[in-house]
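A.B. asks: Listed here are the chains, written in short residue letters.
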Amino acid sequence: MTDKNLKLEIITPEKIVFSNPVDHVKAPGYNGYFGVKPEHIPFLTVIKTGNIKAEMGKENKCFAVCGGFVQVTGNTMLILAEAAEDAASIDLERAQRARDRAMKRLQEKAENTDIPRAKAALLRALNRLEVAKM
Amino acid sequence: MATLREIKRRIASVKSTMQITKAMKMVAAAKLRKAQTRLMSTRPYSRQLTDVLGNVAKKSHRDLHPMMKNRAPHKVCYVLLTADKGFCGSFNANLIRYAKKELNSSPAEKKYLVTIGKKGYEHFKRNDFPLYAHYIEIFNNLEFTHAQRIAAELMKAFENGTFDRVYIIYNRFKNAVQQETQVEQFLPVQQTATEEKSKPISFLYEPNPQVILDKLIPMSLNFQMWRILLESAASEFGARMTAMETASDNAQEMIKELTLYYNKARQAAITKELNEIVSGAEALKG
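Chain order of the listed sequences is A and B. In terms of this note's numbering, the first sequence opens at residue 1 and continues consecutively. In terms of this note's numbering, the second sequence opens at residue 135 and continues consecutively.
Treat the hints with caution; some may be incorrect.
Sample of chain A residues with no beta-carbon within 12 Å of chain B, all distances over it, derived [what the hints assert, rightly or not]:
hint	residue
1	I11
2	E14
3	K15
4	P21
5	K37
6	P42
7	T45
8	C62
9	K104
10	K133
Computed footprint of chain A on chain B; a stretch qualifies when at least three of its residues, placed anywhere within it, have a C-beta under 8 Å from a C-beta of chain A [stated by the list, open to error]:
hint	region
11	179–185
12	351–360
To be clear, the hints were calculated from the coordinates, so they are not data collected in a lab. It should be emphasised that the depicted structure is a prediction, and the values quoted were computed from it without experimental measurement. No residue lacks a Cβ here, since even glycine has one placed at the ideal position from N, Cα and C.
Generate coordinates for the entire structure from the input sequences, incorporating the hints supplied.
C.D. replies: If you want it as structure tokens, here you go:
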């Protein structure tokens with residue numbers, strides 16, 4: 001174990017969601033989940049909708065993210081996401097409503113429904129629910 | 135000459151108007167502060183995004199992304215951002231005038247207009263100007279998803295060739311009392327010269343720079359739209375604050391004048407009454 005920490009920064013257009021040193025991060029990359037520890041080589045990838053888990057000592061933190069990038073340089077891991085939420089602050093009711101709305105849209109298959117968009121919305125809502133229950 | 139009661143009533147009415155404009159000014163100031171913080175909080179994201187974009191752009195091949203295709207500008211789209219509400223001085227009027235000037239002077243064969251905000255929409259609707267799309271009442275509860283939706287719509291139209299160029303006309307927020315109406319190119323994406331200041335880090339790309347760039351560009355466009363929406367919102371509150379401040383000052387001035395007028399009238403009435411009494415007494419003595 002190195003005594004160095006990895007600085008994790010999660011930034012969305014609206015705010016800085018998280019910026020603290022951590023020991024280990026797991027994130028949903030282009031080819032599936034990957035882990036980052038301190039002293040990782042420079043790395044750049046796309047992230048998908050999913051959850052980010054950060055470990056620091058005995059504490060764990062979990063975030064729901066959708067769409068964005070990860071850039072690892074030296075000992076900083078930068079996550080630029082279009083949306084990211086701390087698991088503790090997810091509004092369960094809102095997520096459920098979003099899920100139901102997306103499902104309804106997919107089932108009705110109205111002419112002007114943007115299917116990929118509805119699917120993406122459903123995925124995001126399900127992801128938020130899943131993360132919130134973790 | 136107006137009667138004393140009329141003047142008094144007038145003063146009361148101006149006073150109550152002043153109370154309203156003062157309250158509106160306070161509300162605008164509070165909202166402006168909020169909008170400004172929101173605008174500020176986009177800074178870290180903006181800085182990092184430019185950073186990542188620079189890193190990737192250097193690596194990817196010169197294969198043009200669909201959003202970068204520079205076609206001859208035959209079909210041009212203008213996106214006009216106005217406020218949803220009035221009471222903000224010449225904010226909306228300036229924007230509409232600017233947009234009309236741009237539309238008239240543009241040499242493009244086909245011109246489209248998209249409005250964001252109710253005031254612009256109402257104006258062009260009244261004048262039977264065809265609108266490609268409009269978005270109203272989003273400033274009440276501005277969220278990043280609004281920016282995503284609008285940007286997605288514009289990107290789609292650009293990609294399928296409906297538009298060759300997309301410009302955005304909006305008020306840039308300089309400070310609380312100054313806004314600058316300006317036009318900004320949204321599509322195609324202009325390549326920014328990447329300055330070589332530090333030694334480029336050799337990244338491990340997954341899967342490859344091209345795929346990452348393809349995802350990065352829509353993201354940065356969403357973000358640009360978001361920034362513009364916030365700038366416009368902040369400008370609107372700034373303009374409203376200034377307008378309401380001026381209105382309150384004017385009301386104050388008016389009250390001062392009316393009070394002076396009222397006092398003069400009162401004095402004249404008293405003098406007249408005295409005159410009558412004195413002359414009546416004189417007559418009795420007579």
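A.B. asks: Verify that the Cβ of C62 of chain A lies farther than 12 Å from every Cβ atom of chain B, and report whether the claim holds or is violated.
C.D. replies: 21 Å, holds
A.B. asks: Against chain B, does I11 of chain A keep a CB gap of more than 12 Å to every residue?
C.D. replies: Nearest chain B Cβ is 5 Å from I11 of chain A, so the label is violated.
A.B. asks: Is the listed coverage of the region 179–185 of chain B by chain A valid when you require three or more residues with a beta carbon under 8 Å from a beta carbon of that chain?
C.D. replies: holds (count 4)
A.B. asks: Against chain B, does E14 of chain A hold up as non-interface, every C-beta pair farther apart than 12 Å?
C.D. replies: Nearest chain B Cβ is 6 Å from E14 of chain A, so the label is violated.
A.B. asks: Verify that the Cβ of T45 of chain A lies farther than 12 Å from every Cβ atom of chain B, and report whether the claim holds or is violated.
C.D. replies: 4 Å, violated
A.B. asks: Checking a non-interface call: every C-beta of chain B should be farther than 12 Å from the C-beta of K37 of chain A. Is that right?
C.D. replies: Label holds. Min Cβ-Cβ 15 Å, cutoff 12 Å.
A.B. asks: Confirm or reject the coverage of the region 351–360 of chain B by chain A under the rule of 3 or more residues with a beta carbon closer than 8 Å to the chain's beta carbons.
C.D. replies: holds (count 4)
A.B. asks: Are all beta-carbon distances from P21 of chain A to chain B longer than 12 Å?
C.D. replies: Correct as stated: the minimum Cβ-Cβ distance to chain B is 17 Å, above 12 Å.
A.B. asks: Beyond 12 Å from every chain B Cβ: check whether that's true for K15 of chain A.
C.D. replies: 5 Å, violated
A.B. asks: Does P42 of chain A sit more than 12 Å from chain B, CB to CB?
C.D. replies: Check fails; 5 Å does not lie beyond 12 Å.
A.B. asks: Taking the closest pair, is the beta carbon of K133 of chain A still more than 12 Å from chain B?
C.D. replies: The assertion about K133 of chain A holds, with a minimum of 23 Å to chain B.
A.B. asks: At 12 Å, judged by beta carbons, does K104 of chain A keep clear of chain B as stated?
C.D. replies: About 18 Å separates K104 of chain A from the closest Cβ of chain B, which puts it past 12 Å; holds.
Hint compliance for this structure: hints 1, 2, 3, 6, 7 are not met, and every other hint is.
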